[in-house]
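Note that the protein sequences, when read in sequence, are chains A and E.
Quick note: the first sequence, position 325, residue 325 per the UniProt record's numbering, numbers continuous.
Quick note: the second sequence, position 326, residue 326 per the UniProt record's numbering, numbers continuous.
Treat the hints as calculated values from the structure; they're not laboratory data.
Incorrect hints may have been included.
Which copy? The list can't say, so a pair holds if one copy fits it or any two copies do.
DSBU-like mimics (lysine-lysine), calculated; alpha carbons at most 35 Å apart, straight line [as the list claims (entries may be wrong)]: (1) Lys101 with Lys2; (2) Lys355 with Lys101; (3) Lys355 with Lys278; (4) Lys278 with Lys101; (5) Lys101 with Lys138; (6) Lys355 with Lys2; (7) Lys355 with Lys138.
Listed below, chain by chain, are the residues.
2 protein chains.
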Amino acid sequence: MKTELSRTLGIEHAIFGFTPFPAVAAALTRAGGFGVLGAVRYTAPDDLARDLDWMQEHTDGLPYGLDVVMPAKKVEGLTEAEVEAMIPEEHRAFVRATLAKHGVPELPDGEASGWRITGWMEQVARNQLDVAFDYPIKLLANALGSPPADVVARAHDHGVLVAALAGSARHARHHADAGIDIVVAQGYEAGGHTGEIASMVLTPEVVDAVSPLPVLAAGGIGSGEQIAAGLALGAQGVWLGSLWLTTIEAELHSRALTAKLLAAGSGDTVRSRALTGKPARQLRTEWTDAWDDPAGPGPLPMPLQGLLVAEAVSRIQRHEVEPLLGTPVGQIVGRMNSERSVQQVVDELTRGFEKAVDRINRIAGRSEG
Amino acid sequence: MKTELSRTLGIEHAIFGFTPFPAVAAALTRAGGFGVLGAVRYTAPDDLARDLDWMQEHTDGLPYGLDVVMPAKKVEGLTEAEVEAMIPEEHRAFVRATLAKHGVPELPDGEASGWRITGWMEQVARNQLDVAFDYPIKLLANALGSPPADVVARAHDHGVLVAALAGSARHARHHADAGIDIVVAQGYEAGGHTGEIASMVLTPEVVDAVSPLPVLAAGGIGSGEQIAAGLALGAQGVWLGSLWLTTIEAELHSRALTAKLLAAGSGDTVRSRALTGKPARQLRTEWTDAWDDPAGPGPLPMPLQGLLVAEAVSRIQRHEVEPLLGTPVGQIVGRMNSERSVQQVVDELTRGFEKAVDRINRIAGRSEG
């Protein structure tokens, strides 16, 4: 499975994997794909350096990348406390009532909420980059919008390609104008922040919009036949995020969550503003239902919603409150039905891809069968 | 482009086209695809017989099919007047106010509303079938749910294959249990009544669910590379509806509507209950915005909504009231940018398919390049 982009990066399979877990990213790189470590949870630069050290030791000199979050809408010039003060009391009361309804206990004394708004602030991402550019990363991806021009220039100075996610051809053209090297076309069916245009329509539209820049197809891909489909649509590779969540190497915070993911069908996700304030696909839970209920106050805009629910989400995860327990994940969750190693997943993907190519060739009359 | 199903039906390309226009269906069949005429607008059996006579004369003995609507939820035992009486006055007032706001004139004297609830009633569909089985149709498709067992048996007695649309693996299994021969997996991005699961995820899920029954991929397909993607996902053909709306042979009610379709992008559709009461993808207009506005009364359930808005839609179409003018269409509308003949469309689809297969083979290392 070789494209111009996979040759440029020196990887065996044009399979890119976004994951918050170093063990998953490294295993994918070792398996011949390209692991991309999500940096958003590293608020302390030392933690990121520690995990990048580990990546270096476990990737056999093969290439990998880093994914940061530099939101297009910035909250610079405001302290976290000032942003906090913008949250209406009605919404705080709704959080308290929803948690009380399900009997969600408090966090133990001294245990802090895992998610902080700081992870979404540009200065934090810049501190992450100060660390990351000391490592031989080959790709820098940005999840929300194009990175600032100086960051793109700095990456290029280090020989690092820059990728950005796009949910529409217009976003993709904006990235191309900003000097991005790779556009990840993320369809409606993907996990996390998505637009409304499905991969089948979005991928070729983005390819047309930014050609000759390489495009990766993201959203709805979890099998070799889906990889073949993404590549048939003009992509130079695929970008998978959800599929790794139930691998053996993944370090989900809860066995109960793994069980929910393994049991969920493709219809069990919802594109909801409950998590961050922007539409993000995630498991449908009683938590997302509460926020999407027209009778409730509804979600706040980003970054207020994320800040509002941060502690609640930590409490739900900490105590594994099953009806409320969720995570960002795409519709492909319906295919995530067993725990496998990253290597097993990659083997299955490449075998499935070859079978799909065989089948397409039979249909096109290019082989016996 | 040959699959087991296309061989069974004796067609050159596994391209199925659903269309309300006999000229489109016949042209597709002549071009080597398989035209499927939508019957829902034929409330008088004689009208259907006239158009099937015409199809016979214009298809050179090549195969074609018919699509009827037999809703899973029946309104039998009620007259149209009794159903009408179930519509709240608040909703009628909202229709009047929305039309008044845009200055939509009345229909001319003696001109009836084009759409009647009768087209959605099982007895009407049965009358259509009494006509249709006198013609050598090769496929009977049902747009909503599985047809009743006696209808399936009658089709099979006539050597007619039966197809049904499914938006989930569960629906598809239900069709298989009902003795259906072909499942059309209709993704979120498709025009008309759709579920929430996108084609990239839905198609292989339905294939797995009903194998060895053949599956057609529907939703988001308007190019040869998208056909290659649909077939890579395990489909035995593709089912296209939207793409024909801007062909030269199509008989849309309005040039203004054609212009809107040609100008629309993939983000200009919405999945709304405004048209029929069930979520159906269509052009986003000020009409759909009004019905989807939380400040309004919101759409009624099927079949009440369709009955409520029938005359209003006719008035909007008759007078080409641009801000309100819409039609069911999929996200592929973004690619419908020129008026071409059906033959030109098919030529472009098959050429694009061959190019996509070339590309996939290069990526798989199966050819020079």
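Open item on the list: Run through the hints listed earlier and report the numbers of any the structure violates, in increasing order.
Closed with: 1, 2, 3 and 5
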